[in-house]
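4 protein chains.
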Amino acid sequence: MWQAKTIIIGVMGGGNTSNEDKISAYGLGSLIAAQGWILLNGGRNCGIMEASAKGAMDNGGITVGILPDSDYEQVSEYISIPILTGMGNARNCINILSSHYIVACQGGAGTLSEIALALKNKKPLILLNFDTRDLFEEYADKDLLFFADTPEHAIEKIHDLIKMKQ
Amino acid sequence: MWQAKTIIIGVMGGGNTSNEDKISAYGLGSLIAAQGWILLNGGRNCGIMEASAKGAMDNGGITVGILPDSDYEQVSEYISIPILTGMGNARNCINILSSHYIVACQGGAGTLSEIALALKNKKPLILLNFDTRDLFEEYADKDLLFFADTPEHAIEKIHDLIKMKQ
Amino acid sequence: MWQAKTIIIGVMGGGNTSNEDKISAYGLGSLIAAQGWILLNGGRNCGIMEASAKGAMDNGGITVGILPDSDYEQVSEYISIPILTGMGNARNCINILSSHYIVACQGGAGTLSEIALALKNKKPLILLNFDTRDLFEEYADKDLLFFADTPEHAIEKIHDLIKMKQ
Amino acid sequence: MWQAKTIIIGVMGGGNTSNEDKISAYGLGSLIAAQGWILLNGGRNCGIMEASAKGAMDNGGITVGILPDSDYEQVSEYISIPILTGMGNARNCINILSSHYIVACQGGAGTLSEIALALKNKKPLILLNFDTRDLFEEYADKDLLFFADTPEHAIEKIHDLIKMKQ
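Chains as they are written, first to last, in our numbering: chain C, 37 to 202; chain D, 37 to 202; chain V, 37 to 202; chain P, 37 to 202.
Just so you know, the hints here were simulated from the structure itself, not pulled from any lab data.
Any given hint might turn out to be false.
Copies of the same chain look alike in the list, so a pair counts if it fits in one copy or across any two.
DMTMM-like mimics (lysine to aspartate or glutamate), calculated; alpha carbons at most 25 Å apart, straight line [stated by the list, open to error]: (1) K158 <-> D107; (2) K199 <-> E56; (3) K178 <-> D167; (4) K41 <-> D57.
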């Protein structure tokens with residue numbers, strides 16, 4: 037079976053978010069690159085996607101964007117490898133399946149659909165300052181859903197999860 | 037532009053639900069067929085999918101199932117037209133896009149992903165006894181998210197929405 | 037396992053075709069409806085899709101259109117049940133998987149991609165006046181690929197295939 | 037608009053091919069990596085996919101695999117970034133859309149579906165020792181379809197196409 041050469045971290049989050057959330061996403065992207073991990077996100081030139089990709093690329097990381105579109109018009113310039121799906125939100129499933137671990141930053145309905153799909157597909161997911169009430173509570177009990185206050189805290193949690201798998 | 041010959045009602049909900057929720061889903065399916073509407077759901081032989089399809093077919097309705105699978109092994113016998121996507125959960129997007137109005141019955145993460153996708157795609161959605169806390173509150177304010185206690189109540193709400201569009 | 041209530045015949049073919057090919061597709065649609073079968077195609081308001089759907093609907097048949105689009109703008113008025121995928125050409129796979137038997141009328145690269153996918157997925161396919169050279173020859177030897185000169189001839193072939201399965 | 041940091045070359049071809057074709061695919065992958073380009077293919081551990089990925093990885097290249105599966109069981113060990121789509125052959129469209137230029141090596145119906153989709157989507161495509169009769173002839177006239185006898189020849193052609201775009 038395929039052995040991961042590099043761990044792929046999915047970073048989900050809204051296209052339209054506060055400056056504070058973008059700063060946090062930039063920090064998260066920087067730290068992901070610093071661990072030598074690949075960052076994967078939705079690839080567009082806005083919100084959490086652009087901020088996290090910039091953080092990773094500024095720190096020498098590889099960034100993979102899974103685009104809903106079939107052309108390059110809305111691809112973030114901080115994406116090194118854009119995958120054009122031409123499938124709209126159906127690409128959300130690909131984001132989830134292709135990530136080893138997922139961090140969900142602040143977002144709206146699109147991000148919530150990705151959180152739900154991640155948990156349904158048993159992908160470990162960390163909510164970074166994203167309050168989803170107790171809606172996904174059962175998954176916290178199943179050691180799939182985790183919570184972090186800071187990018188540093190999220191990275192620590194991923195290291196814990198990687199160790200647990202070894 | 038294409039004019040709907042028949043209104044298509046998407047019925048979402050879990051594959052593994054209580055008997056009470058299945059009875060409610062059966063009632064909803066029956067009423068959808070009684071209005072002359074087409075019922076569309078995930079097509080599998082379990083939970084809300086099977087119960088709602090049975091309700092509709094028992095009352096002479098047409099039922100369309102959008103399957104995650106590429107074969108007929110798990111198709112409910114109450115589906116008149118099975119669409120095999122072979123795309124897993126990516127088919128959730130097709131469920132949403134192809135429905136004029138959506139009723140979400142009790143379910144888990146899969147159903148939550150469909151609620152989120154519906155609202156993101158501006159499809160009017162009625163929660164039938166499904167408490168999603170205040171997570172999608174903003175969409176209630178935008179006249180996209182509605183609440184119903186009974187199948188009758190959900191059908192009434194759809195009639196209201198149809199009238200509002202005319 | 038699910039038992040087909042109604043046989044679904046996929047009709048593939050180009051969006052931009054000669055009048056002669058459209059007349060043939062109209063005839064094919066008429067005959068499909070006359071057998072009590074459901075016609076499934078790409079759902080758009082042009083070419084083989086529109087002509088075959090009109091043939092079926094004029095003769096009381098149900099027509100299912102699997103659209104590449106996420107809205108109703110280009111849906112043929114002769115489609116009774118439009119399935120909006122929002123997935124562009126990825127919907128070609130759904131056309132193939134959801135059809136019990138496929139008839140490929142004259143078309144271009146899109147139709148050729150569907151012929152190739154049908155044969156790869158072991159779906160019996162009839163070429164109706166579509167000369168694909170000897171490119172798919174091996175599938176004729178495997179009893180998957182057949183040839184017809186007229187819509188009547190294609191229908192006859194499908195009846196043969198149905199009998200062989202019984 | 038997004039500016040390609042790196043050119044992505046799609047390499048299509050069968051999972052079950054002759055040793056000669058695998059040697060050619062290995063050579064093609066090696067040359068793609070030597071140009072500093074990214075190789076993208078279907079990602080599985082067989083045929084042209086495995087051979088071309090090995091050629092690229094052995095020469096320090098990055099290899100992206102767009103898998104039909106939702107797990108890692110059949111991923112080639114020579115893929116650096118596996119994208120799990122869980123969508124079966126619908127992923128063929130993603131292969132095409134995500135590649136700047138495509139080389140089609142020997143293959144069967146799956147490869148033919150990708151050639152057809154590439155031409156339909158106006159992606160320049162080079163047939164490397166793959167005889168598709170005159171089926172796609174019209175695209176040769178439109179400067180979309182090209183022919184090569186050797187991997188070196190295919191690479192040369194891509195350089196020509198890149199120059200023509202500048």
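Can you give the numbers of the hints that this structure goes against, from lowest to highest? 2, 4
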